[in-house]
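These protein sequences, in sequence, are chains H, L, G and X.
Residue 52 in numbering that gives the first Met the number 0 sits at position 53 of the first sequence, with consecutive numbering throughout.
Residue 47 in numbering that gives the first Met the number 0 sits at position 48 of the second sequence, with consecutive numbering throughout.
Residue 136 in numbering that gives the first Met the number 0 sits at position 137 of the third sequence, with consecutive numbering throughout.
Residue 103 in numbering that gives the first Met the number 0 sits at position 104 of the fourth sequence, with consecutive numbering throughout.
These are calculated hints, taken from the structure and not from any lab test.
Treat the hints with caution; some may be incorrect.
Under the rule of at most 30 angstroms between Cα atoms (straight-line distance), these lysine-lysine pairs were calculated in the BS3-like manner [to be verified]: (1) H:Lys99 - L:Lys79; (2) L:Lys75 - X:Lys94; (3) X:Lys86 - L:Lys75; (4) H:Lys134 - H:Lys147.
As the structure is a prediction and not an experimental result, all values here were calculated from the model.
What follows is each chain in one-letter form.
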Amino acid sequence: MKFILTFIALLIFWFMLSGHFSVIIVTSAVIYALIAAYFTYNYFLEDISFAGIKRIFKFIAYLPWLFWEIIVANLQVAYIVLSPKMPISPELVETETDLKTDYGKTALGNSITLTPGTVTIEIENSKILVHAITKEHAQDIKNKDIEKKILRIEA
Amino acid sequence: MFSFIAVIILIGVFFVLFRAIKGPTIFDRVLSVNLIGTKAVVVIALIGFMHNRPEFMDIALTYALINFIGTIAFLKYIEKNRLD
Amino acid sequence: MIAVDFLLLLLLVIIAVAAISAKDILTSIMLLGSYSLVIAMEWVLLNAVDVAFTEAAVGAGISTILMIAVLTRVPRFEKEPKEQKHFFNLFNHSELLALATVVITGALLISGTWDMPAFGDPNSPANSYLSPEYIERSYPQTGSHNIVTAVLASYRGYDTLGETTVVFTAAICLILLIRSYKKNER
Amino acid sequence: MSILDVVTLILLLAGSFFMLVASIGMIRLPDFYTRMHAGGKADTLGQGLIFLGLVVYEGFSFISLKMLIIFVFIFIANPTATHAVAKAAYKGGLKIWSRDNNDSG
Chain H
0 MKFILTFIAL LIFWFMLSGH FSVIIVTSAV IYALIAAYFT YNYFLEDISF AGIKRIFKFI
60 AYLPWLFWEI IVANLQVAYI VLSPKMPISP ELVETETDLK TDYGKTALGN SITLTPGTVT
120 IEIENSKILV HAITKEHAQD IKNKDIEKKI LRIEA
Chain L
0 MFSFIAVIIL IGVFFVLFRA IKGPTIFDRV LSVNLIGTKA VVVIALIGFM HNRPEFMDIA
60 LTYALINFIG TIAFLKYIEK NRLD
Chain G
0 MIAVDFLLLL LLVIIAVAAI SAKDILTSIM LLGSYSLVIA MEWVLLNAVD VAFTEAAVGA
60 GISTILMIAV LTRVPRFEKE PKEQKHFFNL FNHSELLALA TVVITGALLI SGTWDMPAFG
120 DPNSPANSYL SPEYIERSYP QTGSHNIVTA VLASYRGYDT LGETTVVFTA AICLILLIRS
180 YKKNER
Chain X
0 MSILDVVTLI LLLAGSFFML VASIGMIRLP DFYTRMHAGG KADTLGQGLI FLGLVVYEGF
60 SFISLKMLII FVFIFIANPT ATHAVAKAAY KGGLKIWSRD NNDSG
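In isolation and in its complexed conformation, chain H is listed as follows (with noise of 0.2 angstroms):
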């Protein structure tokens, strides 16, 4: 089962990035991806349930408002970067998270690095180490926004 999602998403992966359907490319297309299929289907697709699907589409709708974040955190950094005096006070902050899935901790390290002041250090089981760049970014960790959210796409 996972053998044949892999080869079917190595195999779109392929038509995507060439384009060509002579009968040549199909086949070459067909096997390597089986070839590569059976070197990687244990890395790729840790888990695979349907209730899936619905996660995903949780993942879509949140994905704006992340986007937002990135843009205001970026406005940030930029105004960071380019005042003469610096105002920046920086703290590492841990927190426990509550998040099961490795999936889950992927999304809340990415966007915590992507989101205003702060970048993620580290992800050991539950204890997350996070850099903030302000001390006004260290108490917004500990009151775990992002966390809330992802939560309930994994619920």
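Position chains L, G and X against the provided structure of chain H, taking the given hints into account.
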């Protein structure tokens, strides 16, 4: 239009290169090289549009992939002093 | 366009000098990685997409990882020179000789470019009769749609055969060198 | 100049502005962890905006599909790479910079 944007990004590459050469720690250098790679992806895409030959996007895609792998390889060496 | 060209060449020179003068070999490898990124931008700018693609896969990807693999078996930092050189001692005779050789070779190479046709000149010999010849005949003669492939693999077939032999030998040597550390050491 | 050209130009200029900010940040910020903020955020959005601008310019075609793949890949890979560098630096024992002990700049 595209060459103007490419020039702006290349000026940025000079700044990043300064940090890559001077960088007090090795991690500054890894970060700088990663940034040079990402800027190269953008510049290659822009050059493709400058020549009206946007098939160059294949190279940009390859570079985006290779740059990520290269960064991970550097870090693996620094952390463990070996690659396997 | 010319500004992009100029900036890329300037970047190349700076990266090359920095890569030579770095004491930490890991830094040199990183700078060489970015060197091949920059030179690939230059290839793309000159419309040599195939070369840029090879540079992407080999120059930035594989050779960087191979060099790191070599670095796991050799010391990472360069040795300090035994005695610190005094400024007046900086150029002793052998270095002056090397400098003279480099300058003369460079001057000869640059003087060789004066007779070349201008870049992209439509009336140059290569563009006036050689390229149309290849464009017309390469498909009927070799059966390859890609003209560069036709030139490399058919018209210059023996040359390419030699090249691939060299590359193949190098690959075998690398495999022999690198694979032993799984079994014997560590 | 059609409206699409104007949108393209705005996106490209915004993207190159953010990439320039990332580069200046790499020079001006005092230590590795703060530089990471510039490299991880500003560069990601800058690249994303430039590719979005190129997609708008190109319209709907195979090329823009590829650029969308690059766009998605950037937003996954860039924060991951930043996180990997940060983790390695933290394990390597690099201290964070603060106003009180600014010796590591």
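Comparing the hints with the structure gives:
Between Lys99 of chain H and Lys79 of chain L, the direct Cα distance comes to roughly 28 angstroms. Compliance with the 30 angstroms bound is thereby established for this hinted pair. Among the hinted pairs, Lys75 of chain L with Lys94 of chain X is consistent with the structure: their alpha-carbon atoms are about 20 angstroms apart, no more than 30 angstroms. The hinted pair formed by Lys86 of chain X and Lys75 of chain L meets the criterion: a straight-line CA distance of about 11 angstroms does not exceed 30 angstroms. For a cut-off of 30 angstroms, the pair hint linking Lys134 of chain H to Lys147 of chain H stands: about 21 angstroms separates their Cα positions.
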